[in-house]
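What follows is the residue order along each chain.
2 protein chains.
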Amino acid sequence: MINTASFAEGHLNQLMAENIDQRKVTPRSQDFAAWYNEIIARAELADYSPVRGCIVFRPDGFAIWENLRDELDRRIKQTGARNAYFPLFIPESFLRKEAQHVEGFAPEVAVVTHGGGKELEEPLVVRPTSETIINHMFANWIHSHRDLPLMINQWCNVVRWEMRTRPFLRTAEFLWQEGHTAHATPAEAQRETQLMLEVYRSFVEEFLAIPLVYGRKSAAERFPGAEETYTIESLMPDGRALQCGTSHYLGDNFARAFEIRFLDENNELKYPHQTSWGVSTRLLGAIIMTHGDDQGLRLPPAVAATQVVIVPIWRKTEEGESVLAAARAAQTALTEAGVRVRLDDREGLTPGFKFNDWEMRGVPLRIEIGPRDVAANEAVLARRDIAGREGKSKARLDQLMSPVKELLTEIQRNLYQQAKSAMDSNTYRLDSYADLKRRMEGEGGGGLVDIYWCGNPNCELKIREETRATCRAIPLSQNDATGVCIVCGEESRERAYFAKAY
Amino acid sequence: MINTASFAEGHLNQLMAENIDQRKVTPRSQDFAAWYNEIIARAELADYSPVRGCIVFRPDGFAIWENLRDELDRRIKQTGARNAYFPLFIPESFLRKEAQHVEGFAPEVAVVTHGGGKELEEPLVVRPTSETIINHMFANWIHSHRDLPLMINQWCNVVRWEMRTRPFLRTAEFLWQEGHTAHATPAEAQRETQLMLEVYRSFVEEFLAIPLVYGRKSAAERFPGAEETYTIESLMPDGRALQCGTSHYLGDNFARAFEIRFLDENNELKYPHQTSWGVSTRLLGAIIMTHGDDQGLRLPPAVAATQVVIVPIWRKTEEGESVLAAARAAQTALTEAGVRVRLDDREGLTPGFKFNDWEMRGVPLRIEIGPRDVAANEAVLARRDIAGREGKSKARLDQLMSPVKELLTEIQRNLYQQAKSAMDSNTYRLDSYADLKRRMEGEGGGGLVDIYWCGNPNCELKIREETRATCRAIPLSQNDATGVCIVCGEESRERAYFAKAY
Numbered sequence: 005m006i007n008t009a010s011f012a013e014g015h016l017n018q019l020m021a022e023n024i025d026q027r028k029v030t031p032r033s034q035d036f037a038a039w040y041n042e043i044i045a046r047a048e049l050a051d052y053s054p055v056r057g058c059i060v061f062r063p064d065g066f067a068i069w070e071n072l073r074d075e076l077d078r079r080i081k082q083t084g085a086r087n088a089y090f091p092l093f094i095p096e097s098f099l100r101k102e103a104q105h106v107e108g109f110a111p112e113v114a115v116v117t118h119g120g121g122k123e124l125e126e127p128l129v130v131r132p133t134s135e136t137i138i139n140h141m142f143a144n145w146i147h148s149h150r151d152l153p154l155m156i157n158q159w160c161n162v163v164r165w166e167m168r169t170r171p172f173l174r175t176a177e178f179l180w181q182e183g184h185t186a187h188a189t190p191a192e193a194q195r196e197t198q199l200m201l202e203v204y205r206s207f208v209e210e211f212l213a214i215p216l217v218y219g220r221k222s223a224a225e226r227f228p229g230a231e232e233t234y235t236i237e238s239l240m241p242d243g244r245a246l247q248c249g250t251s252h253y254l255g256d257n258f259a260r261a262f263e264i265r266f267l268d269e270n271n272e273l274k275y276p277h278q279t280s281w282g283v284s285t286r287l288l289g290a291i292i293m294t295h296g297d298d299q300g301l302r303l304p305p306a307v308a309a310t311q312v313v314i315v316p317i318w319r320k321t322e323e324g325e326s327v328l329a330a331a332r333a334a335q336t337a338l339t340e341a342g343v344r345v346r347l348d349d350r351e352g353l354t355p356g357f358k359f360n361d362w363e364m365r366g367v368p369l370r371i372e373i374g375p376r377d378v379a380a381n382e383a384v385l386a387r388r389d390i391a392g393r394e395g396k397s398k399a400r401l402d403q404l405m406s407p408v409k410e411l412l413t414e415i416q417r418n419l420y421q422q423a424k425s426a427m428d429s430n431t432y433r434l435d436s437y438a439d440l441k442r443r444m445e446g447e448g449g450g451g452l453v454d455i456y457w458c459g460n461p462n463c464e465l466k467i468r469e470e471t472r473a474t475c476r477a478i479p480l481s482q483n484d485a486t487g488v489c490i491v492c493g494e495e496s497r498e499r500a501y502f503a504k505a506y
Numbered sequence: 005m006i007n008t009a010s011f012a013e014g015h016l017n018q019l020m021a022e023n024i025d026q027r028k029v030t031p032r033s034q035d036f037a038a039w040y041n042e043i044i045a046r047a048e049l050a051d052y053s054p055v056r057g058c059i060v061f062r063p064d065g066f067a068i069w070e071n072l073r074d075e076l077d078r079r080i081k082q083t084g085a086r087n088a089y090f091p092l093f094i095p096e097s098f099l100r101k102e103a104q105h106v107e108g109f110a111p112e113v114a115v116v117t118h119g120g121g122k123e124l125e126e127p128l129v130v131r132p133t134s135e136t137i138i139n140h141m142f143a144n145w146i147h148s149h150r151d152l153p154l155m156i157n158q159w160c161n162v163v164r165w166e167m168r169t170r171p172f173l174r175t176a177e178f179l180w181q182e183g184h185t186a187h188a189t190p191a192e193a194q195r196e197t198q199l200m201l202e203v204y205r206s207f208v209e210e211f212l213a214i215p216l217v218y219g220r221k222s223a224a225e226r227f228p229g230a231e232e233t234y235t236i237e238s239l240m241p242d243g244r245a246l247q248c249g250t251s252h253y254l255g256d257n258f259a260r261a262f263e264i265r266f267l268d269e270n271n272e273l274k275y276p277h278q279t280s281w282g283v284s285t286r287l288l289g290a291i292i293m294t295h296g297d298d299q300g301l302r303l304p305p306a307v308a309a310t311q312v313v314i315v316p317i318w319r320k321t322e323e324g325e326s327v328l329a330a331a332r333a334a335q336t337a338l339t340e341a342g343v344r345v346r347l348d349d350r351e352g353l354t355p356g357f358k359f360n361d362w363e364m365r366g367v368p369l370r371i372e373i374g375p376r377d378v379a380a381n382e383a384v385l386a387r388r389d390i391a392g393r394e395g396k397s398k399a400r401l402d403q404l405m406s407p408v409k410e411l412l413t414e415i416q417r418n419l420y421q422q423a424k425s426a427m428d429s430n431t432y433r434l435d436s437y438a439d440l441k442r443r444m445e446g447e448g449g450g451g452l453v454d455i456y457w458c459g460n461p462n463c464e465l466k467i468r469e470e471t472r473a474t475c476r477a478i479p480l481s482q483n484d485a486t487g488v489c490i491v492c493g494e495e496s497r498e499r500a501y502f503a504k505a506y
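Here the protein sequences line up with chains A and B, keeping their order.
First residue of the first sequence? That's 5 in my numbering, and the numbers climb one at a time after it.
First residue of the second sequence? That's 5 in my numbering, and the numbers climb one at a time after it.
These are computed hints drawn from the structure, not numbers from a lab.
The model shown is predicted, which means the values in this text are computed figures rather than measured ones.
By construction, the Cβ of each residue, glycine as well, lies at the ideal position given by its N, Cα and C atoms.
Keep in mind that the hints are not guaranteed to be accurate.
Computed spacing ranges between beta-carbons, pair by pair [unchecked claim]:
{"id": "1", "chain 1": "A", "residue 1": "Arg150", "chain 2": "B", "residue 2": "Gln299", "range": "48 to 54 Å"}
{"id": "2", "chain 1": "B", "residue 1": "Asp35", "chain 2": "A", "residue 2": "Arg150", "range": "27 to 33 Å"}
{"id": "3", "chain 1": "B", "residue 1": "Glu210", "chain 2": "A", "residue 2": "Arg319", "range": "43 to 49 Å"}
{"id": "4", "chain 1": "A", "residue 1": "Met405", "chain 2": "B", "residue 2": "Thr339", "range": "41 to 47 Å"}
{"id": "5", "chain 1": "A", "residue 1": "Thr189", "chain 2": "B", "residue 2": "Gly121", "range": "49 to 55 Å"}
{"id": "6", "chain 1": "A", "residue 1": "Arg497", "chain 2": "B", "residue 2": "Arg350", "range": "44 to 50 Å"}
{"id": "7", "chain 1": "B", "residue 1": "Arg195", "chain 2": "A", "residue 2": "Lys122", "range": "51 to 57 Å"}
{"id": "8", "chain 1": "A", "residue 1": "Arg174", "chain 2": "B", "residue 2": "Lys396", "range": "40 to 46 Å"}
{"id": "9", "chain 1": "A", "residue 1": "Ala224", "chain 2": "B", "residue 2": "Asp35", "range": "54 to 60 Å"}
Quick partial rundown of chain B residues pointing at chain A, CB under 7 Å, derived from the structure [stated by the list, open to error]:
{"id": "10", "residue": "Phe93"}
{"id": "11", "residue": "Glu96"}
{"id": "12", "residue": "Pro111"}
{"id": "13", "residue": "Glu112"}
{"id": "14", "residue": "Ala114"}
{"id": "15", "residue": "Val116"}
{"id": "16", "residue": "Gly119"}
{"id": "17", "residue": "Asn161"}
{"id": "18", "residue": "Arg174"}
Build the full structure now, drawing on both the sequences and the hints.
Below you can see the structure in the form of structure tokens.
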């Protein structure tokens with residue numbers, strides 16, 4: 005159990021044997037895409053798979069997803085929705101029942117044509133989303149206004165045959181939750197749509213520490229089959245926006261397509277009004293990009309599988325015993341206090357190596373305990389969000405709980421603030437189309453621009469074609485001021501966020 | 005909020021309007037299969053889907069799965085395994101790499117031949133199990149003895165194109181967990197195989213209150229590609245056995261097929277030895293069949309989404325207020341004590357109707373609160389596991405926590421005992437082949453027979469062909485006695501359980 009070798013001895017051999025790569029990663033500022041891929045590999049979050057466009061979620065990556073999922077699941081259930089599970093396969097004919105829906109999804113589906121050694125009579129589509137099969141079942145379950153609202157959520161895998169894929173951000177198979185609800189009135193369904201937008205917004209800002217803009221999508225950016233799509237969008241450090249979640253008001257489009265009807269209080273047969281809403285494993289990409297730095301991943305404490313790592317430090321054998329005992333006591337005390345803590349008692353590795361390793365893996369707080377610390381009843385607490393001396397403080401070894409909990413709260417808050425400052429400083433309120441073009445042509449992704457837009461799809465199209473920026477969100481609350489559209493100069497009542505997008 | 009109608013009024017109308025079917029189900033003794041299907045429909049656990057052999061898990065059914073999954077996940081993680089996620093699709097060529105594996109699974113796979121509107125160069129199989137793709141990745145991750153043991157678990161959907169399907173018991177798509185581990189030595193892998201068998205056994209007996217027999221499978225019943233398969237088996241009330249979980253020792257079969265090798269301490273290149281193990285949504289079928297009765301589902305408290313339902317009872321409006329207030333107070337107190345409790349304050353339904361409804365849904369404990377109870381600071385506690393007066397007791401309304409918790413523990417214990425008695429009384433230690441044949445030819449499924457079998461596959465085949473019973477499990481601990489094989493009369497060192505199986 006106790007380290008008897010001096011650190012110099014065998015360190016390099018150990019490194020080689022463990023095949024741990026501690027070279028620096030490509031700096032984020034130098035090549036953002038390369039940095040992103042390297043972080044994912046080096047922090048062991050995911051790996052490429054032999055199946056086109058599909059990744060493997062390794063345990064350290066999947067643990068982030070599990071924490072995120074459990075918390076969001078709790079919040080979704082609080083709204084009254086309940087989990088269920090529907091088939092992976094959807095009859096191809098179902099997809100064709102809603103005109104816009106088939107247009108949106110047919111080009112990117114995977115199709116099962118053979119089962120049990122025989123060709124199928126009707127091909128089955130691997131779900132790209134489950135509106136069609138869920139609404140088919142809703143038609144069996146909804147008969148009376150007493151059956152409404154019906155609020156279902158599903159955690160599952162979906163498949164979309166994307167041309168260009170990137171780990172977490174765009175993969176052929178991904179994991180997500182999809183909520184599907186049916187309501188007696190349009191107003192109630194619209195309230196649900198906006199409620200779920202707010203559930204997503206607060207979850208992503210509070211739990212993942214990712215700042216957002218949010219609002220309506222333009223008609224061009226709507227979900228296929230929706231009357232209105234709402235979105236939460238974050239701005240990545242490379243100046244491109246990432247859609248983090250969407251909530252759709254479907255009107256009665258799917259109810260008509262799948263003949264879902266109910267008898268209202270007056271015994272009249274009506275179509276329910278519906279919503280659907282989802283977030284996916286793409287959120288892992290948002291966490292990595294928003295918070296990571298050139299030393300590796302930085303995980304918000306709320307979502308980190310390991311919130312605190314304890315690194316015991318000693319040189320002489322006789323010191324090791326008391327240091328390890330103190331480290332174990334600290335681990336026990338913090339675990340009992342509900343902190344997710346890990347003790348790094350690996351042998352033959354230098355403290356410096358371990359520091360780098362845990363920094364790469366994004367653990368929010370490190371506790372260093374050496375012989376002198378034990379003697380002085382002290383420990384050093386080093387924050388992942390603030391580098392160097394500035395991020396270090398001391399605490400009493402036998403009273404770690406309060407300072408650790410306070411620091412975790414503070415780190416969560418600070419990661420959000422750092423990201424918010426970065427987003428704000430890359431958000432531009434522009435009034436001239438020339439400025440917009442210049443901004444999108446410059447270095448970096450161009451950032452988030454906040455402009456008056458008249459709402460005309462032609463103006464939106466011009467921006468997209470000439471700058472590659474698209475409408476990300478039209479904020480729900482607008483002040484009463486009016487301005488002129490940045491493209492056509494017509495009077496405009498609404499400002500909108502445009503950006504190049506992932 | 006308060007019920008102003010008398011119970012007689014509107015009751016039948018309400019029933020019609022709510023479309024709730026309170027007719028009796030087909031008795032279990034009369035037609036077990038019909039009873040099973042009716043319980044699933046009436047307790048709203050699942051529904052048939054438009055996709056061949058696939059079911060929809062409705063919220064009340066899925067909630068049981070969620071509770072079961074969360075507890076088993078906790079126990080699996082305690083063994084040191086970590087969750088990960090691998091692709092749904094597997095290149096068809098992978099399946100062919102292990103000879104027995106392809107033979108076992110190729111006939112029942114679903115095959116994706118088209119993606120994104122184009123025919124694929126190599127068809128993709130929808131995973132029937134993930135040994136092949138996971139071991140492909142293991143080959144990338146395992147290089148040194150320091151990388152071992154590698155212990156991975158995955159919760160996911162799998163697809164097997166079964167000919168005859170039954171809800172939960174055998175469906176084309178089902179949900180499960182599959183563990184996959186790699187170890188430096190055969191002994192360590194064998195220990196892991198048996199450890200997971202014990203994790204499954206204790207979980208199913210303790211948490212699901214389902215009694216089991218367990219042991220090795222015969223060679224004929226092994227997992228395709230395994231050296232040894234261990235199983236937990238339960239006996240259903242219709243006298244047929246249900247395989248509830250399996251744990252496989254794979255030897256180095258997959259390591260050789262996928263070229264997984266590691267350098268051991270002496271710098272020699274070796275194949276790791278592996279295991280895989282899984283349980284599935286089939287466990288929901290085991291719960292329903294083991295515990296259900298002619299009034300409906302009976303859920304063990306540990307796994308029940310609702311452990312306690314409170315039914316407030318009153319006739320006069322002025323009574324309603326105090327009864328409902330008392331019911332809400334009880335709900336709050338029990339919820340705070342960690343009990344999963346629900347208040348049935350639906351209006352216009354008789355208490356008798358509600359009692360039947362919750363009995364059908366299997367809620368373990370019902371609390372009845374009426375005006376006289378409120379006045380006397382009392383409540384009636386009615387157990388689902390013991391019908392009528394005998395299952396009823398009284399408790400102080402303001403001190404429900406202890407009696408409720410004690411009763412839930414007692415119900416969990418009693419459901420196990422009832423099931424254990426039923427299994428024991430349908431288990432037969434037989435010494436003559438004529439008795440075995442008679443038993444399997446009689447009414448009912450035949451039960452579980454405990455026989456000496458010499459281990460010769462020909463004797464096993466003869467039993468299967470002549471009685472339809474198969475070898476379910478060869479217990480791990482055998483007393484030292486020897487006997488004669490029930491078929492051939494040769495000396496036999498082991499007893500084995502045979503039964504007709506689901």
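Hint validity - glutamate 96 of chain B Cβ closer than 7 Å to any chain A Cβ:
Nearest chain A Cβ about 11 Å off; hint violated.
Does the Cβ-Cβ separation between arginine 150 of chain A and glutamine 299 of chain B fall within 48 to 54 Å?
24 Å, violated
Status of the given 27 to 33 Å range, CB of arginine 150 of chain A versus CB of aspartate 35 of chain B:
For aspartate 35 of chain B and arginine 150 of chain A the Cβ distance comes to about 32 Å; the hint holds.
Range hint 41 to 47 Å (beta carbons of methionine 405 of chain A and threonine 339 of chain B) holds or violated
About 28 Å separates the Cβ atoms of methionine 405 of chain A and threonine 339 of chain B, which means 41 to 47 Å is violated.
Residue hint proline 111 of chain B, partner chain A, criterion CB-CB below 7 Å:
Holds, about 6 Å.
Mind checking the hinted window 51 to 57 Å against the Cβ distance between arginine 195 of chain B and lysine 122 of chain A?
Violated, since arginine 195 of chain B and lysine 122 of chain A (Cβ atoms, about 43 Å apart) do not stay within the stated range.
Threonine 189 of chain A versus glycine 121 of chain B beta-carbon gap, inside 49 to 55 Å or not:
Since threonine 189 of chain A and glycine 121 of chain B have Cβ atoms about 39 Å apart, the given range 49 to 55 Å is violated.
With chain A as the partner, please determine if alanine 114 of chain B meets the hint condition of a C-beta pair closer than 7 Å.
Result: holds, 5 Å to nearest chain A Cβ.
Would you check whether arginine 174 of chain B satisfies its interface hint, that is, whether its CB is within less than 7 Å of any CB in chain A?
Cβ of arginine 174 of chain B sits 13 Å from chain A, so the hint is violated.
Is the interface hint satisfied for phenylalanine 93 of chain B? The criterion is a beta-carbon contact with chain A at less than 7 Å.
5 Å, holds
Between arginine 497 of chain A and arginine 350 of chain B, does the C-beta distance stay in 44 to 50 Å?
47 Å, holds
Taking the closest Cβ pair, is asparagine 161 of chain B under 7 Å from chain A?
6 Å, holds
When each numbered hint is compared with the structure, violations occur for hints 1, 4, 5, 7, 8, 11, 18.
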